[in-house]
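Whenever a hint applies, use it, and build me the whole structure from the sequences.
Chains as they are written, first to last, in this note's numbering: chain A, 1 to 473; chain B, 1 to 381.
Bear in mind the hints are in silico, worked out from the structure with no lab data behind them.
Note that CB positions come from ideal geometry on N, CA and C, so glycine has one too.
Treat the hints loosely; a few may be bogus.
Below, computed lysine to aspartate or glutamate pairings styled on EDC-like, alpha-carbon distance capped at 20 Å [what the hints assert, rightly or not]: (1) A:Lys437 with B:Asp273; (2) B:Lys277 with A:Glu206; (3) A:Lys433 with B:Asp273; (4) A:Lys163 with B:Asp273; (5) B:Lys290 with A:Asp432; (6) B:Lys195 with A:Asp432; (7) A:Lys216 with B:Glu295; (8) A:Lys429 with B:Asp273.
To give an idea of the interface, some chain B residues facing chain A are shown, with a C-beta separation under 7 Å as derived from the structure [what the hints assert, rightly or not]: (9) Pro205; (10) Gln241; (11) Leu249; (12) Ser269; (13) Gln288; (14) Lys290.
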Amino acid sequence: MKRCIDLRITRILLVALVMTGACEQRTVEPEIRLPALGFVPATVQRAGDPQAGYDALINRPYITCGVPYSAYRRSASRSRPEELLPGRSPQNRDLPYLFTSRTTEKNVRLISSNCLLCHAGYFNHKLIIGLGNEFLDFTNDPSVNAEQMGTYIEDEEEAREWKKWADRIAIIAPYIKTDTIGLNPAVNLTFALMAHRDPETLAWSEKALMEPPSEKPLPVSVPPWWRVKKKNALFYNTEGRGDHARIIMLAATLCTDSVEEARRIDTLAADILAYLASLEAPRYPFSINAGLVEKGRILFEQHCSRCHGSYGTDASYPNLVFDYAEIGTDPGLAKFFTSPENIRFVRWFNRSFFGENSRGEPAPGYIAPPLDGIWATAPFFHNGSVPSIEGVLDSASRPRYWLHPEEPSDFNQNTLGWNHRVLDHGKEKAEDKNERKRIYDTTAKGYSNAGHTYGDPLSREERSALIEYIKTL
Amino acid sequence: MRPMVRAGRQILKTAAGILVISGLGYYLIANHEPYPATARNPVFLLAPEDRDFASPGTGRLVFPDDHGSHRQSGSEVWQLIGHLRTIEGERFGFEATLLRVDLDTDPSRRRSAWATDQIFHLSYTITPFNGTDIYRDRETSRQAMRLAGYDPQQRKIWVYKRELKFHESGPQMPIMELMIPDSAYPARLEFSRAKPVVVPSFPAPFRYYALTRMEARGSLTISGKDHAVSGAAFFEHGWGQVPLGGGQLVRNRFLLQLSNGVDLILLQSRRRDGTGKAVNTGLLVPAQGKMRTFEPDGLRIDPSGYWTSGASGIRYPLRWRIRIPEQALDLDLEPWRDNQESTDLLLAWSGMVSVSGHSGATPVNGFGHVQLSGYSPPARN
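Written out as structure tokens, the structure is:
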């Protein structure tokens, strides 16, 4: 195994050297180091104030371009009570949780999406900050509606701001269109933005400065924020190492056009990270069969704890990243990050402001995540290919084709996941466009539901007990 | 509760869809003169930005009730477009647009019986295929003193004596009637359904549906001469935060009915200043079967000929070529006449076109209606 990894690292370094050699006029690129598998070492994080972080997260405009408020008002109806957040500043008070207001130097009020667009979701009719939103629909071309917003704008200064935002959306649109509802194109979005920014100055370029990513984003499920406190590296492949606060600032790259602006936003980052690290998983809101919990705990410690950690009074989390071949889950994402063709994005990160105190070091595998609140986070695996915990524990029961539900309230307490319709066909036999985008096809590249077969040897009763215990996490 | 974020907000979210009704909202207060490109679109004075409206919802539509007015959801548009023939073969195009503009007022605070919070506007155009005349008429009034309004019992929208009435659906039964008794060009037309209602699903802050093909029959009176007519018609209805014409966009909108039974609703939007890229969206309703929508790259909409208005100075693209590779459709659009510029609501070219072309190897033809809005007159020195 070790030899195999060494060979991979050598190949990547070789490509990096070849690429460097081909550009004699350019600065010698720093070496890209692929981390070892196994334990992910910890890095001391910047101190921050969680309360100030919450305020920054929901009130401060870290994404600085957006839609003029007047156009927002003309295109949106009033916020519903369940969309409003406590602690919002006066100019954000009436906005739904996923939007933040900013007033420019020329007095144009803008509305921008904030982090909660992807990182807040509903469970049991309650909005949970930190729960990944698995119901966003990125299957359409976003530039269509970005352009249509122009119909609501008259003022010339507002028009200038709208065009800036719509131009950015038009440029990234080809890279963030998914084919299945709920899957998140954040990785491709980030890479597309990198392709249009100078890593040294962060200046935006309409023309790509390096080859953009593929126009087919790999499917990614949004992990919950409450894992942040336990993990020594961010993201599924542990590519976010070092100063995590700086890494999460990548979310602002749509509009951050200079290092000076980035440093200003960075003053919020340590507090925001401290807030994320303060988040606890929600408590299971339904009944639990207490008689099975202890049996489930014993099974969990026998079969799951080595990789996923232990919970309760003597909680621990081992921070282990495993070779994708060993886990057997879809290798697409890990291969994508570590492939010679895509290493340019890691290199961009490491050369940029974002890499000053942090490093892009994707492992050729997947970290075994902490399982706090795992019952709330369907669908499962990094690609969201398995709609329930029952399927995670019994690979034979995983559907090959399934229909993504329309509502997160469609929760099944027995299987710990979404109620879903199993289909006998993929997207090609969909009745219409709406059904097509809801069909999860596990035979597609990057969408496999294979691997993680560790629960297969368990009996049905043992799996039931394990599920009862998992409800307590 | 619907935990999914409201459709209207998805515009900001990079989720997307189609705004097929865009361009239909040719609102306005009476304005006979073309307004200069730099002027603020007066409709924004009527729809203040700080007004809250209820979401138009996403539930199943119920007819004929949903043909009627949706008072709680902001403004509303109904549009009928048709192609009529007399038994002698004389051809007419017609367009009737009804608007309900929600005002930012509270009539209960005023004692006057004239107090209102809604304006109704009905514009009506007859375009003979031959000749040069276009017959336009319109009425605007307030919902007060029974001058205009919507009566849910009778399912009737009226502006003075002009009415659009809706009926229960039945075999061969008219589902709506348009009555224009008091115009210089009186008309009485009834419409029966030839295809089911289509309700496109798209993230937008308004609801929209269309009857892309109805059978029309009735009578028109022009210059004192009565014409018994029959033909085909489109009907569209939208309510909520319907995009108001103007803003930063030029919009070219096409409603086409083809001889092979296919109907198309297409929209091309681009920025007035020429920056950005044109965005094409649209839907197709086949002779039988389900509606389908197109991705922006699934459509080509290209101008092939221009005309400059002597009145406004605007250069409009009036001849078009439309290609839909997935459907093997290749269509040419030719206006019935060049000068169909309208200054009734917003300044726009809004008129009838003939369609010819091919569906695969099979020739097709048809009629259509094109709306070109957002164009600017040339800058004055």
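Comparing the hints with the structure gives:
Only pairs whose Cα atoms come within 20 Å are accepted, and Lys437 of chain A paired with Asp273 of chain B is rejected, the gap being roughly 35 Å. Pair hint Lys277 of chain B plus Glu206 of chain A holds up; C-alpha atoms about 13 Å apart against a cutoff of 20 Å. About 34 Å separates the Cα atoms of Lys433 of chain A and Asp273 of chain B, which puts this hinted pair outside 20 Å; it is violated. At most 20 Å may separate the alpha-carbon atoms for a hinted pair to count; Lys163 of chain A and Asp273 of chain B meet this at roughly 10 Å.
Proximity of Lys290 of chain B to Asp432 of chain A is assessed by CA-CA distance (about 8 Å); at most 20 Å being required, the pair is judged to hold. Of the supplied pair hints, the one linking Lys195 of chain B and Asp432 of chain A holds, its CA atoms being roughly 18 Å apart against a limit of 20 Å. A threshold of 20 Å between alpha carbons decides the hint, and for Lys216 of chain A with Glu295 of chain B the separation of about 16 Å falls inside it, so the pair holds. As the CA atoms of Lys429 of chain A and Asp273 of chain B are separated by approximately 43 Å, the hinted pair breaks the 20 Å bound.
Look at Pro205 of chain B: its Cβ gets to within about 5 Å of chain A, closer than 7 Å, so that hint holds up. With its C-beta approaching chain A no nearer than about 5 Å, Gln241 of chain B sits inside the 7 Å limit, and its interface hint holds. Because the smallest distance between the Cβ of Leu249 of chain B and any Cβ of chain A comes to about 5 Å, under 7 Å, the interface hint for this residue holds. A cut of 7 Å between beta carbons decides the hint on Ser269 of chain B: the least distance to chain A is about 6 Å, and the hint holds.
Hint status for Gln288 of chain B: violated, given a least beta-carbon distance of 15 Å to chain A, over 7 Å. Interface hint at Lys290 of chain B: satisfied, since its Cβ lies 6 Å from the closest Cβ of chain A, which is below the 7 Å cut-off.
Checked against the numbered hints above, the structure breaks hints 1, 3, 8 and 13 and satisfies the rest.
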